[in-house]
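I would like the entire structure built from these sequences, with the hints used as guidance.
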Amino acid sequence: MKGYLFIFFLAMNSISILSQTENQLIKENAPTVFINCWYCDMNFIKEQIPVINYVNDRKDSEIEILFTSRKTGAGGNEYTLYFYGNKTFEGVEDTIVFYTTPSESQDILRIKTVNAIKLGLVRYLAKTQLADKIIISFKTQQENKVIQEDDWDYWVFSTSINGNFNGQERNNYYYFNGSVTASRTTEELKLKFRFYNSYNESQFKFDSPNGEIKYTSISRSQNFNAYLYFAIDNNWSWGVEAEASKSTFLNIDYSFNISPAIEFNVFPYSESNKKQLRISYRASPTFNKYLSETIFFKTKEFLISQELDLDFTLIEPWGTTDISLSGANYFQDIRKYELEVYTSLSWQLFKGFSFSIYGGYSKIRNQIYLPRAGASYEEVLLQRKQLETGYSYWGGFGISFTFGSIYNNIVNPRFGAGGGGTTIIISN
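All residue numbers in the sequence shown are consecutive under my numbering, ending with 430.
Careful: at least some of the hints might be erroneous.
Claimed, not checked - Once the Cα atoms are required to be at most 30 angstroms apart in a straight line, the calculated DSBU-like pairs of lysine-lysine come out as:
id, residue 1, residue 2
1, K114, K194
2, K61, K29
3, K207, K29
4, K48, K89
5, K365, K387
6, K89, K277
7, K129, K248
8, K302, K365
9, K114, K277
10, K129, K48
11, K248, K300
12, K194, K291
13, K300, K365
14, K277, K120
15, K73, K29
Note that these hints are calculated values from the structure, not bench results.
Put into structure tokens, the structure is as follows:
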């Protein structure tokens, strides 16, 4: 009994000492900061900027930093940091922008991220007792620096090859895909060409009274896409899209279409980092040749379809909202149509409580390509053929509630994100 009491008091004393040590990590007179960024290396940020107090919830912060990003024409990213002042800094806001190139590593990204955060914090820290700890330095400007022209004239080329495979004694799976892309993006023009090819193979071995049976299923697809978009003003754009494709899954031997399109953004394109409400319309003359006769007794046909899309995105400190609506039909028969709605919400409803949900529903009446012969059991089970359906749906949700200490200053990388332990899997 005495031994247990000794261990108990020793443990309590150790916790008390650790608590006192951790309390010393809370910086006196330092502002509280909440960083709203899911891809940031928070341990690195805390190590490089140790003078502030990091908190777990935006409601506890005096300064909130919201990160957004979008692709650049060169294949890199534009990162925008929105600084919002709360409590003692109410109404003080700022915006910092930086860029990365495709060749820059993850380490370069996190260094640029830290520099951008430091730059944005200056106007806030200058009004606190930490002002005397701020040191500002500038790189020496090179005299007579010559501005070099872009030898590639904004053209960017990329190629990729990807694959995965797995297997057991009686089954094997292989998947490979590759793409080649060329693009050119300026303020007034967006031009892109892309070729994509994929190969999917599954092999199975079965025992039967007549011996071993081997079944192999293969699906292939190829796509070539061309996009040409022009800016009209800060709210309007127009363009042309073209596609050539082949797909065993969709019973397409080859298909060609060209689609004039126009788009209106209710908000200026310059504000697309935070909000968009885009309405687009396109008409698509299409020629299809099928691998096998369709349920409408067609081996080839020419069709004209139209599509109307509405996409809404809103990014705010309290959360992100995405909503899209889409409708399409064929001019030859308006009864052949498809309607789709998709919603994604990620909100912080109150302190410590976050809620996210996504889902979509599609009403399908335009499967003109379905083969009249149908699909075998193997093709159904392996999803090698598109099946007839009147609808499809998908979705998911998540709820998170966090409470306790508001501070998040400590960096402890031991055992990675968690600890060791044992995982027990129960199945029947």
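Results of checking the hints against the structure:
At roughly 29 angstroms between alpha-carbon atoms, K114 and K194 fall within 30 angstroms of each other, so this suggested pair holds. With a C-alpha separation of about 19 angstroms, the suggested pair K61 and K29 falls inside the 30 angstroms cut-off, and the hint holds. Taking the CA atoms of K207 and K29, the gap is near 65 angstroms; set against the 30 angstroms cutoff, the hint is violated. Of the pairs offered as hints, the one joining K48 and K89 holds, with about 22 angstroms between alpha carbons and a cut-off of 30 angstroms not exceeded.
Using a Cα cut-off of 30 angstroms, the hinted pair K365 and K387 holds, with the two alpha carbons roughly 19 angstroms apart. Straight-line distance between C-alpha atoms of K89 and K277 comes to about 26 angstroms, which keeps the hinted pair within the 30 angstroms bound. Of the pairs offered as hints, the one joining K129 and K248 is violated, with about 63 angstroms between alpha carbons and a cut-off of 30 angstroms exceeded. Between K302 and K365, the direct Cα distance comes to roughly 25 angstroms. Compliance with the 30 angstroms bound is thereby established for this hinted pair.
Under the criterion of a C-alpha separation no larger than 30 angstroms, the hint pairing K114 with K277 is consistent with the structure, at around 25 angstroms. Distance restraint check for K129 and K48: the Cα-Cα separation of roughly 21 angstroms lies within the 30 angstroms cut-off, and the hinted pair is therefore satisfied. Note on K248 and K300: the hinted pairing holds, with a Cα-Cα distance of about 17 angstroms set against a maximum of 30 angstroms. Distance check on the hinted pair: K194 and K291 sit about 26 angstroms apart at the alpha-carbon level, within 30 angstroms; holds.
Proximity of K300 to K365 is assessed by CA-CA distance (about 23 angstroms); at most 30 angstroms being required, the pair is judged to hold. Straight-line distance between C-alpha atoms of K277 and K120 comes to about 26 angstroms, which keeps the hinted pair within the 30 angstroms bound. Taking the CA atoms of K73 and K29, the gap is near 37 angstroms; set against the 30 angstroms cutoff, the hint is violated.
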